[in-house]
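**Student:** Take a look at the letters that make up each chain.
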Amino acid sequence: MIPLVKLLEAALFASPRPIPVEELSALAPEASPAEISAALDALREHYDVDGHGVELAEIGGGWQILTRAEYTEAIERAQLAARPQRLSAAALETLAIIAYRQPIGRTEIEEIRGVAVGSILKSLQERALIDVVGRAEGLGRPLLYGTTPLFLEQFALRHLEELPRADELAIALRPAPQPL
Amino acid sequence: MIPLVKLLEAALFASPRPIPVEELSALAPEASPAEISAALDALREHYDVDGHGVELAEIGGGWQILTRAEYTEAIERAQLAARPQRLSAAALETLAIIAYRQPIGRTEIEEIRGVAVGSILKSLQERALIDVVGRAEGLGRPLLYGTTPLFLEQFALRHLEELPRADELAIALRPAPQPL
Amino acid sequence: MSDEAAVADELRADRAAIEDAPAEPAPRLAFVVDLPAYAGPLDLLLSLIRDEKVDIYDIPIAHVAKQFLLRIRVLQLNDAAEYLELAARLLRIKAQMLLPRHGESETWEDPRAELVRRLLEYQQMREVVDILERRGDERRSRFARAYLPESGESVAAPLALSLGELLTAIDRILRVTREPTVHTVVARTLDVAGAIAMVRSLIAERRNARWGELVARDAEPWQILSMLLALLELAKLGELRLAQPRPFASVEIQHDSPGEAA
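Residue numbers (the working numbering), protein chains in the order written: chain A, 1 to 180; chain B, 1 to 180; chain C, 1 to 262.
Honestly, the hints are just simulated from the structure, not real lab data.
The beta carbon of each residue, even a glycine, is placed where N, CA and C say it ideally should be.
Derived, one-sided and incomplete: chain C residues facing chain B with beta-carbon distance under 10 Å:
| id | residue |
| --- | --- |
| 1 | R118 |
| 2 | Q124 |
| 3 | M125 |
| 4 | R126 |
| 5 | I131 |
| 6 | E138 |
| 7 | A146 |
| 8 | G164 |
Some chain A residues near chain C, calculated using beta-carbon distances under 8 Å:
| id | residue |
| --- | --- |
| 9 | F13 |
| 10 | S15 |
| 11 | P16 |
| 12 | R17 |
| 13 | P18 |
| 14 | Q64 |
| 15 | L92 |
| 16 | E93 |
| 17 | L95 |
| 18 | A96 |
| 19 | E137 |
| 20 | G138 |
| 21 | L139 |
| 22 | G140 |
| 23 | R141 |
| 24 | F155 |
Go ahead and model the full structure; you've got the sequences and the hints to work with.
**Tutor:** Here it is as structure tokens:
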């Protein structure tokens, strides 16, 4: 491939969105529109003729490199099997608070975290890591949350008492005596 | 290219992160490890010999397609992608100590660096470059830190052993800290 | 002057130097244009040793301590406490060096030994930092795939959770919540609006309700008062009717929208 084609390939690969042709020109100001267009053709042809797993496509005025459709299913299947999802830091914090303070209401969790947790509670509940375990007394009788058996399973805990006590953690986190 | 190479290329193209070898194998369950390995070699060679804007790199126990460094400047100038920020010297020092001495507690890191590292540990953890890997015995059962797969990724290391052993550094003094 | 008196004098002066260091305005030296950023006191000391071209295994402590204090002042270092601590340590070593040696010289332990060990350890770590920096730069100069077209339906992948992650989360929470179990009791003002909203949503669902369902047995006075005022207000607005069949019986609340059969 000639340098201009290689440059276009690298840029298309690195860009977070499809690139319109004017922006591709900004990559190589010395190249004429005809040269850019010829380079794009060359790249597309290379992918097609040489038999690559990807192809070059122009969609909605922007150029992009796409995985060939025939492979997407196999890729998604393998990803799903081999790359389990992780929880966000916010979800983990909420989960941790519930684990230690259950049964606990939303307001109390929000007081500790300082932000709204409504949607996080919902998704943790959908993942069956927490569930409603009762209602508090008092105005509005708010829902109370607790962890589920699946929570224990996920963290390989036999029971909740296996978590370190909160006061042990507090000691661990006290500022250490200054070195030197 | 043979179908297996095309399939691997499609999967590698579709991923923003290195794909572990096991996941690549899961893509083509009928292929032997030797065949997978040969296909990866073929793909790397194709990129190198045929002159592509991208190349295949082995990082953190997996494989990843990356753009070639020679195009980075042009891509940045055209504002199609931006390099991530560099880590501060303080953050790099803390990472270096953790990489060599993991699992290691905060106090030990502070002894070596001579400064408090609480907030740096927090931000390294937020960037997912380190994580809590356990707790030490003893008073307060302090948290112990270790590096994550993302650490290997961001420093383009295949594994931790790629860092020079402590006794290979210019100044060797202590009995080798376990390289892990 | 005796040796001891001389040492005592030195120490007095040194202490004064340390105490002055953070308070004294930095002399604006013309040649200090580009202040190097130091990663900590050991970094500063190490670069001082390099600049002054002194032997790390035989550090002229008095000279280095003086230079160290000077640099702290000139740089107006933010984390002055950590730098001052090392300064104090240097001066302590200096004092130990000044003291007359007793006994055999073979048994004399160099007061600088621990400092040298730490400096070497720190220098070794700096070497690793250089390697990481180089490799990090190399990696940063190459881009990974950034454009990820949306795939069709996304099935929820299995979760990967580790106890370490959970402990870390608790760690973060405890850092921001000082006293997680102690709640300060503050006088609550009435929440009539909240109570009104709650009653409205309840009677939108059901035709009637009883007082006991609206206010919990152990409700606080402010909650009871809020609810009472809310019910009176809604009754006044004609949204509901209140009835008490007999004295001390639970108050019944009935939906009272116009156009509906009673």
